[in-house]
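Dock chain A against the given chain Z, drawing on the hints supplied.
Letter by letter, the chains look like this.
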Amino acid sequence: MTATTQSMKTTAPVQPSPLPLRRNILDLDDYSVEEIASVFQTTDAMKEVLGREIRKVPTLRGKSIITVFYEASTRTRVSFEQAGKVLSADVINVSSSGSSAEKGESLYNTALTLQAMNADIIVMRHPHSGAPYFLARHLKASVINAGDGTHAHPTQALLDMYTMRGHFGRLQGLKVTIVGDILYSRVGRSNLWGLTKMGAEVTLCAPPTLLPPDFLGSRRALEEHPFAAVKVETKVERALEDANVVMALRLQLERQKAGHLPSLREYSRLYCITPKRLALARPDVLVMHPGPMNEGIEIDPEVAHGAQSVIEEQVTNGVAARMALLYGVVTPVRSGR
Amino acid sequence: MKPQTILIKGGRVIDPSRSHDSVADALLKDGVVVAVRRNIAMPDGARIVEAKGLVVCPGFVDLHCHLREPGYEDKETIATGTRAAAKGGFTTVCAMPNTRPLGDSPATVEYVLRKAREEGTVRVLPIGCVTKGSMGQELAEMGELAQAGVIGFSDDGRPVNDANLMRQALSYSSAFRLPIINHCQVDELFQGGVMNEGWVATRLGLRGVPNSSEEAMVARDISLAALTGGRVHLAHVSTAGTVELVRRAKEQGVPVTCEATPHHLTLTEEAALGRNGGGRFDPLTPQGYNTYAKVNPPLRSQADVDAVVEGLRDGTIDVVATDHAPHNTVDKQCTFAEAAFGISGLETALGSLLSLAHSGRMPLLRLVEAMTAAPARFLKRDDLGTLAKGAAGDVVVFDPDAEWKVDARQFVSKGKNTPLDGTTLRGRVVATIYGGQVVYEQAGGGPKTR
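Chains as they are written, first to last, in the numbering used here: chain Z, 423 to 759; chain A, 1473 to 1922.
The shape of chain Z in the complex, shown without the other chains (with noise of 0.2 Å):
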């Protein structure tokens, strides 16, 4: 009897808010306010289910996960895992290494191939942008996009903005920096998506060769486009007055072999976030980074490791965003999207 209790205790489902139908996570540009929010609040219980002395819930039992990694990772891929372990999912995971693409098999013979296997749904990470788009226009499974080339990271976004929404109780009005590599970064593209459909102040600050083109002075023409409010900085002490929350992202030794930096070490000297720059902030300022981190070029570890550091947090959050993001593409009915 008391077994029976604790069981369902610890197996009770989730109670998240109904969530809109939705067949593919490939950016948040399709996302609303609401649907944002909507996912949120599912983090929230899906938290709860984390902090729970035994983590299991049999929301997703009997369907099926395939991650695809056709890049490194490693908190990205096990946080799905984990997030679809939990819910109950079986989890198969696949990399490139090893897989049929080493023997050259094409992105579209091998999405047929997991469709056979009946995948419910495909979570990849590709090298190339688009690729998930690829895949969702063959599959009739959910794709979910875990970063496709230097266009979009939806998932690492939810769970950026989920962490500053957290420390503050809102998004709307906050001052966020992003400080670094935006002209290859997905993270920064995702956020950017997310971040000002919610109503943030959003400063991209980094030398301009690393911005894209069209984002500079003269070039930045459209101004009915959705990221015309966004702020561009090349002075990063400027980029950071006021901030509520500062990101850095990673930046890439390869950046200076192709010309777009004299070299790592001057970058570091005119954009690392250091303990004296951070002082330009607000004082409860979050320092956030998507990982993984060149301490000491793109940030100081003083303030990678530091009080306002919500680095590992993010890492927490975002096995409770994937568990509900994952639970909000398994639905009965499919919307079409």
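It is possible that part of the hints are untrue.
[What the hints assert, rightly or not] Chain A is faced by these chain Z residues, among others (derived, beta-carbon under 7 Å): (1) ASP452; (2) GLY552; (3) TYR555; (4) ALA558; (5) GLY571; (6) PRO635.
[Unchecked claim] Quick list of simulated restraints, FRET-style, between CB atoms: (7) A:GLU1545 - Z:THR631: 42 to 50 Å; (8) Z:HIS560 - A:ASP1778: 35 to 43 Å; (9) A:ASP1873 - Z:ASP512: 39 to 47 Å; (10) A:GLY1832 - Z:ALA650: 48 to 56 Å; (11) A:ASP1873 - Z:SER519: 54 to 62 Å; (12) A:ASN1633 - Z:LEU443: 52 to 60 Å; (13) Z:LYS657 - A:ASP1873: 56 to 64 Å; (14) Z:PHE590 - A:GLU1716: 50 to 58 Å.
Honestly, the hints are just simulated from the structure, not real lab data. Keep in mind that this is a model prediction, so the values were computed, not measured. Ideal Cβ placement from N, Cα and C applies to all residues, glycine included.
Using the frame of chain Z, we list chain A on its own:
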């Protein structure tokens, strides 16, 4: 098949070579044009093509297409490519030499010419390579290629990067009065780009190609043409800056000519968004990343398209050329980065281009000139692109107002790769006559011939 005696009756005859635009009959006999005038009496045994309400003009001449043979017969052959040409109203096509083997030797050129004679539906004029293996290191044997029958030289797809080699090529080829056709692209600025640099590329997270990639080499080539007196022809120009550079060069008498493709005249970078209606900033759908819109040079901004249209209208841009680039399904059924560059364009060229005439942005006479008399002038062929007496019996009859839905599966080209699939075009070829023979007739709704 022997040439027939053909009387094309009652069409609107547009022959820009003679500034002719009025209703008339056209008589073809023994493979040549015999007469164009009103009320030609019906000769015995002649085949009649009723052209009332239709436009009759010289067969189109395409200075730039890819027939893929030899070497890439899975993408296209001379047989299928020339049938596609006939369906599109083209009676002469110039074939780029980026085949396997390359057209850098007389043997390949002779092979293409022989295949065209045996299996071709329309006239094929080969283009030879500028450099051996199109490697950009040493000049190809241009003299021998000229003797074999090439109409110009190009390392198509590969710009002649070395400025001094380009200088030598222009100088050397001037001995044969043949042009160097250059794909203008500074590779250092191209940087592995896959579409136009601009807001759409940023939106899609794709690497963009700046206009400067084209314009910097255009400026160089104009300077070298002025220096050497050699003829330079700029393939598929795509930017407003290029049009302005060429306009100024022509004012100064530099021997430069250029072409624009139907897609650069009518489509913008936004085609990559794969939208079917809706707002330009609407969310992406799984139809996004439309690889059929991937082409090099990339589809540009609306401002560039407008400048290219204006350039064609005022004659800065001499000719329309299709850059017909057929590909396999697998070449496009992949991610945008992996997809091949190119659009299969022969069968949609007329319908696309007529949108410019319908919207009043281009006089029909000029449009037809850019596809007939102008490329013939470029080729120095007074028997092509004209309906003058004695000219080749190459005629296209088209209905400028017929609306039709593009269905790539119905292409006779092996390349079904078009961003226009499913769209409606206004204007369609009804019949194509090459050398006095009807080589294409629109199924069903074609002209009444008897």
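Going through the hints against the structure:
1. ASP452: holds, 3 Å
2. GLY552: Holds: closest Cβ of chain A sits about 3 Å from GLY552 (chain Z), inside 7 Å.
3. TYR555: holds, 5 Å
4. ALA558: Hint on ALA558 (chain Z): holds, closest Cβ of chain A at ~4 Å, below 7 Å.
5. GLY571: holds, 5 Å
6. PRO635: At 6 Å from the nearest chain A Cβ, PRO635 (chain Z) passes the 7 Å test, so the hint holds.
7. A:GLU1545 - Z:THR631: 42 to 50 Å: With a Cβ separation near 45 Å, GLU1545 (chain A) and THR631 (chain Z) satisfy 42 to 50 Å, so the hint holds.
8. Z:HIS560 - A:ASP1778: 35 to 43 Å: holds, 36 Å
9. A:ASP1873 - Z:ASP512: 39 to 47 Å: At 59 Å between Cβs, range violated.
10. A:GLY1832 - Z:ALA650: 48 to 56 Å: Given about 32 Å between the Cβ atoms, the range is violated.
11. A:ASP1873 - Z:SER519: 54 to 62 Å: Holds: the Cβ-Cβ distance is about 58 Å, inside 54 to 62 Å.
12. A:ASN1633 - Z:LEU443: 52 to 60 Å: holds, 53 Å
13. Z:LYS657 - A:ASP1873: 56 to 64 Å: holds, 59 Å
14. Z:PHE590 - A:GLU1716: 50 to 58 Å: holds, 51 Å
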